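**Q** Single-letter residue listing:
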Amino acid sequence: MKRTFIALILGLVCGVAAHLAWFGVRHPAPVYDLESQLAWMKSDFHLNSAQLARIRALHEQSRPRMVALAREVARMRREFSAIEETRQKAGEVDFVKVSRFVVQQRVLDHECLDSARQLVAATAEILTPKQRDQYLAMLTPAIQAAVGGSLN
Amino acid sequence: MPPPNDPRDPLDFLFERWRDAAPEPSDNLESAVWRRIAANENPTGLRRGWFATVEAIFARPSFTAAFVVGCVLLGLLLAETRVSQMQAKRSVQFVQSYLRQIDPQLDGVEGSASAESVSIQP
Chain V
0 MKRTFIALIL
10 GLVCGVAAHL
20 AWFGVRHPAP
30 VYDLESQLAW
40 MKSDFHLNSA
50 QLARIRALHE
60 QSRPRMVALA
70 REVARMRREF
80 SAIEETRQKA
90 GEVDFVKVSR
100 FVVQQRVLDH
110 ECLDSARQLV
120 AATAEILTPK
130 QRDQYLAMLT
140 PAIQAAVGGS
150 LN
Chain X
0 MPPPNDPRDP
10 LDFLFERWRD
20 AAPEPSDNLE
30 SAVWRRIAAN
40 ENPTGLRRGW
50 FATVEAIFAR
60 PSFTAAFVVG
70 CVLLGLLLAE
80 TRVSQMQAKR
90 SVQFVQSYLR
100 QIDPQLDGVE
110 GSASAESVSI
120 QP
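Protein sequences, first through last, are from chains V and X.
With numbering that gives the first Met the number 0 applied, the first sequence has no gaps in its numbers, which climb one by one up to 151 at the end.
With numbering that gives the first Met the number 0 applied, the second sequence has no gaps in its numbers, which climb one by one up to 121 at the end.
Hints may be right or wrong, so weigh each one.
[What the hints assert, rightly or not] Stretches of chain X that chain V covers, calculated by requiring three or more beta carbons in the stretch to come under 8 Å of a beta carbon on chain V:
| # | segment |
| --- | --- |
| 1 | 22 to 29 |
| 2 | 95 to 101 |
[Unchecked claim] Dumping the calculated SDA-like pairs for lysine to any residue here, alpha-carbon to alpha-carbon at most 20 Å:
| # | chain 1 | residue 1 | chain 2 | residue 2 |
| --- | --- | --- | --- | --- |
| 3 | X | K88 | V | H26 |
| 4 | X | K88 | V | K1 |
| 5 | X | K88 | V | K96 |
| 6 | V | K96 | V | D113 |
| 7 | X | K88 | V | I142 |
| 8 | X | K88 | V | P27 |
| 9 | X | K88 | V | P140 |
| 10 | X | K88 | V | E84 |
| 11 | V | K41 | X | Q86 |
| 12 | V | K129 | V | A52 |
| 13 | V | K41 | X | P60 |
| 14 | V | K41 | V | R55 |
| 15 | V | K96 | V | R77 |
| 16 | V | K1 | X | G48 |
| 17 | V | K41 | V | K129 |
| 18 | V | K41 | V | A17 |
| 19 | V | K1 | X | P60 |
| 20 | X | K88 | V | R55 |
| 21 | V | K41 | V | M137 |
| 22 | X | K88 | V | Y134 |
| 23 | V | K96 | V | M75 |
| 24 | X | K88 | V | F44 |
| 25 | X | K88 | V | M75 |
| 26 | V | K129 | V | A49 |
[Stated by the list, open to error] To list a few chain V residues with every Cβ distance to chain X over 10 Å, as calculated:
| # | residue |
| --- | --- |
| 27 | R99 |
| 28 | A115 |
| 29 | I125 |
By construction, these hints were calculated from the structure, which means they are not laboratory data.
Computed from a predicted model, the values in this text were never measured in an experiment.
For every residue, glycine included, the Cβ atom is placed at its ideal position computed from N, Cα and C.
I would like the entire structure built from these sequences, with the hints used as guidance.
**A** In structure tokens:
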């Protein structure tokens with residue numbers, strides 16, 4: 000009886016230990032910022048050090064422009080909120096303001112999309128054909144969905 | 000059927016016929032009956048038999064070793080399954096966060112982020 004009990008406990012302990020050890024070693028880290036994204040790309044696309052360095056430099060170089068665009072997007076959203084608030088409170092619509100806003104929004108949409116496309120294309124240039132296929136296969140559906148969403 | 004002028008009870012006739020046709024009871028009938036009575040009165044006997052079987056199996060070192068190895072393999076399999084599931088989630092998470100990183104306009108793709116939560120910081 001004691002021997003059976005020991006064997007059962009030993010099996011359970013070994014199984015749990017193997018599970019935890021394997022999961023601890025292999026579990027993917029969360030992806031939330033550029034560093035973790037690069038780490039994810041490195042492990043998933045099997046990037047070498049040179050590729051990683053070039054992709055890192057590319058993304059860091061594009062950062063100031065991205066920040067400027069992000070600020071512009073935030074400003075446009077605030078402006079839209081103000082227009083909407085005025086419409087709801089006063090019941091009036093300043094059509095000149097709205098049309099100017101729509102034009103600006105369209106220009107900003109194109110700028111953002113162009114910027115993203117350029118960055119994706121430049122990154123893809125650094126990758127090998129196999130890595131590029133994987134990278135684009137991962138991003139293309141999401142970009143297409145986003146473009147479709149922004150056009151609607 | 001009994002003859003019409005037979006004074007005996009009709010049941011006696013039937014019993015006589017049954018005695019002629021019925022087989023002789025086996026020698027161990029009594030012991031078999033007592034065994035079944037004992038089994039009904041003590042249902043843990045069966046369980047004890049099951050435990051004894053398990054114990055006999057685990058008494059073999061080769062089976063114990065195989066059992067432990069099986070547990071380890073099962074643990075690894077379950078861990079790998081979890082890793083695969085997490086990998087798929089991380090893949091989606093990577094695409095979402097990467098798109099937010101490269102295009103502030105796309106932060107609403109999943110309808111969760113606002114312009115202020117764009118991860119690009121000056």
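**Q** All hints, please: hold or fail.
**A** Results of checking the hints against the structure:
1. 22 to 29: This one is violated; 0 residues, fewer than the three required, reach chain V with a Cβ under 8 Å.
2. 95 to 101: holds (count 6)
3. X:K88 - V:H26: 11 Å, holds
4. X:K88 - V:K1: Roughly 44 Å separates the two Cα atoms, so the pair is violated.
5. X:K88 - V:K96: 43 Å, violated
6. V:K96 - V:D113: This hinted pair is violated, its Cα atoms lying about 26 Å apart.
7. X:K88 - V:I142: 18 Å, holds
8. X:K88 - V:P27: Between K88 (chain X) and P27 (chain V) the Cα gap is close to 10 Å, so the pair holds against 20 Å.
9. X:K88 - V:P140: OK: K88 (chain X) and P140 (chain V) at ~16 Å, within 20 Å.
10. X:K88 - V:E84: Not satisfied, since the Cα-Cα distance of roughly 38 Å exceeds 20 Å.
11. V:K41 - X:Q86: Since the Cα atoms of K41 (chain V) and Q86 (chain X) sit roughly 14 Å apart, the hinted pair holds (cutoff 20 Å).
12. V:K129 - V:A52: Holds. K129 (chain V) to A52 (chain V) sits at ~19 Å (cutoff 20 Å).
13. V:K41 - X:P60: 46 Å, violated
14. V:K41 - V:R55: 11 Å, holds
15. V:K96 - V:R77: Within the cut-off at roughly 14 Å; holds.
16. V:K1 - X:G48: Given that 20 Å is the threshold and the Cα spacing comes to 17 Å, the pair holds.
17. V:K41 - V:K129: With Cα atoms ~14 Å apart, K41 (chain V) and K129 (chain V) stay inside 20 Å; holds.
18. V:K41 - V:A17: Violated. K41 (chain V) to A17 (chain V) sits at ~26 Å, over the 20 Å cutoff.
19. V:K1 - X:P60: Cα-Cα ~14 Å, so holds.
20. X:K88 - V:R55: Distance ~23 Å between K88 (chain X) and R55 (chain V) Cα, so the pair is violated.
21. V:K41 - V:M137: 15 Å, holds
22. X:K88 - V:Y134: 16 Å, holds
23. V:K96 - V:M75: Between K96 (chain V) and M75 (chain V) the Cα gap is close to 12 Å, so the pair holds against 20 Å.
24. X:K88 - V:F44: 16 Å, holds
25. X:K88 - V:M75: 32 Å, violated
26. V:K129 - V:A49: 17 Å, holds
27. R99: The claim stands: R99 (chain V) keeps its Cβ more than 10 Å from every Cβ of chain X (closest is about 19 Å).
28. A115: 4 Å, violated
29. I125: 14 Å, holds
The structure fails hints 1, 4, 5, 6, 10, 13, 18, 20, 25, 28 (numbered hints given earlier, in ascending order).
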